[in-house]
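When you get a sec, could you build the whole thing from the sequences and use the hints?
Sequence order for the protein chains is A and B. Residues in the first sequence are numbered from 1 upward in steps of one, following UniProt numbering. Residues in the second sequence are numbered from 1 upward in steps of one, following UniProt numbering.
Hints listed in this document are in silico derivations from the structure and should not be mistaken for laboratory results. Here the structure is a predicted model, which means the values were calculated and not measured. Treat the hints loosely; a few may be bogus.
[Unchecked claim] Quick list of in silico lysine-lysine cross-link-like pairs, BS3-like style, CA-CA up to 27 Å:
hint	chain 1	residue 1	chain 2	residue 2
1	A	Lys16	A	Lys67
2	A	Lys67	A	Lys8
3	A	Lys31	A	Lys16
4	A	Lys8	A	Lys152
5	B	Lys135	A	Lys16
6	B	Lys135	A	Lys135
7	B	Lys8	A	Lys135
8	B	Lys16	B	Lys4
9	B	Lys31	B	Lys8
Protein chains: 2
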Amino acid sequence: MVAKSELKRIRSLHQKKYRIREGQFLAEGMKLVGELLDSGLEPVGLYSTAPEELPGSQPITEGELRKASALVRPSGVLGVFPIPDPEPLTFEGWTLALDGVRDPGNLGTLIRLCDWFGIGELLCSPDTVDCYNPKVLQATMGSIARVRVVYKDLAETLDASGLPVYGASMEGEAIGGEQPLSPGILVMGSESHGLSGPVRDRLSQTWAIPSFGRAESLNVATAAAILLYEIRRATRK
Amino acid sequence: MVAKSELKRIRSLHQKKYRIREGQFLAEGMKLVGELLDSGLEPVGLYSTAPEELPGSQPITEGELRKASALVRPSGVLGVFPIPDPEPLTFEGWTLALDGVRDPGNLGTLIRLCDWFGIGELLCSPDTVDCYNPKVLQATMGSIARVRVVYKDLAETLDASGLPVYGASMEGEAIGGEQPLSPGILVMGSESHGLSGPVRDRLSQTWAIPSFGRAESLNVATAAAILLYEIRRATRK
Chain A
1 MVAKSELKRI RSLHQKKYRI REGQFLAEGM KLVGELLDSG LEPVGLYSTA
51 PEELPGSQPI TEGELRKASA LVRPSGVLGV FPIPDPEPLT FEGWTLALDG
101 VRDPGNLGTL IRLCDWFGIG ELLCSPDTVD CYNPKVLQAT MGSIARVRVV
151 YKDLAETLDA SGLPVYGASM EGEAIGGEQP LSPGILVMGS ESHGLSGPVR
201 DRLSQTWAIP SFGRAESLNV ATAAAILLYE IRRATRK
Chain B
1 MVAKSELKRI RSLHQKKYRI REGQFLAEGM KLVGELLDSG LEPVGLYSTA
51 PEELPGSQPI TEGELRKASA LVRPSGVLGV FPIPDPEPLT FEGWTLALDG
101 VRDPGNLGTL IRLCDWFGIG ELLCSPDTVD CYNPKVLQAT MGSIARVRVV
151 YKDLAETLDA SGLPVYGASM EGEAIGGEQP LSPGILVMGS ESHGLSGPVR
201 DRLSQTWAIP SFGRAESLNV ATAAAILLYE IRRATRK
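Below, the structure written as structure tokens:
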């Protein structure tokens, strides 16, 4: 039995303003909650419809779960965690940066991609969707536990890094050659506007994904997948 | 002014059973409707809040639009089109096949990817989400007008094709080498179950996307993006 006021407080974490006010976020599902616990994050609260399967959790009924959950089909496990303090970026190896990505599913998929390709740091412009949004967390499939997401002004941060900045554009150089690459920051633009002016001004190199058909563009997550794959392929040897 | 009964009929096309019964589908937004018209498809009905901007359309009010639209923010243009008759697959060049992909956003992104990489035919297992689902259409960004989507039993169709069948699996051979590739059929599995048994039995070759981190898997659309990119890269020379 979870108190009504507690359910209401958990539910408020669906919204960014309450996440900021409380300094906490809500994670759902055994996979995501499990990976956050594995990463060493201390939960503020754990709730499960089968508490014997999740040590330290308190029981929650299906009805209570529906009141607190952000999912259409709640999966039986809720965790409330503190939002980690922002840490400084280290810029080790490659960094991915996002310039105004708005779609939660896209951001989640991009975080999962970073985890796959061993990119530990994701730099986001302040107008990128919040990484603790429940839809983002769900789409990361647990990878949020291993990728550090930092929100910062892009132009300033790119300048301060002193690293080469790579961006994608239809007018860029076709990727897939055997050119050597210095590790740096790959910036992906927003779904509707691409890269902003200040970021475009800072590109050391622009890349194009060769097209063989008539689509005008690629979804930001699929474009990033190809570019991260190519970075790893070209520098593997 | 659009009659209530007509709005109700348009709205019914949000559901697959009514699309099948009527043999029609609903497209929304100037880009998608425009690309379908450009492809030569004859509309059954065209509706616009600014009919002077869309020849052949009849006026529709914002209120009527909200009643007929499948979008949270309707974009002012609706088109009702006949579902094209199924055409036989030609298997020219590369074909993409999907084995039980359920998420509408993923299917739409995959259709857009086919269009980008010049893959004209997409073979889908009967349990793959319907390509005329409004969310699929929206995610194709108009590419549905240029990619032929065919629903057929996969095992039978793969056998009948006589072509090499390629699939992705964690245990496959790492892609990115310089091995020659014969054109064939690339099969992607469902989000939750991967490739089904009968399809796995028919693979000529299984590929793995090299991983550099700890994510257990990639989203189906991002994995397909990398594999299609690699196919084009490896056969470009």
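### Message
So, against the hints stated earlier in the document, which numbers end up violated here?
### Response
Violated hints: 4, 7; rest satisfied.
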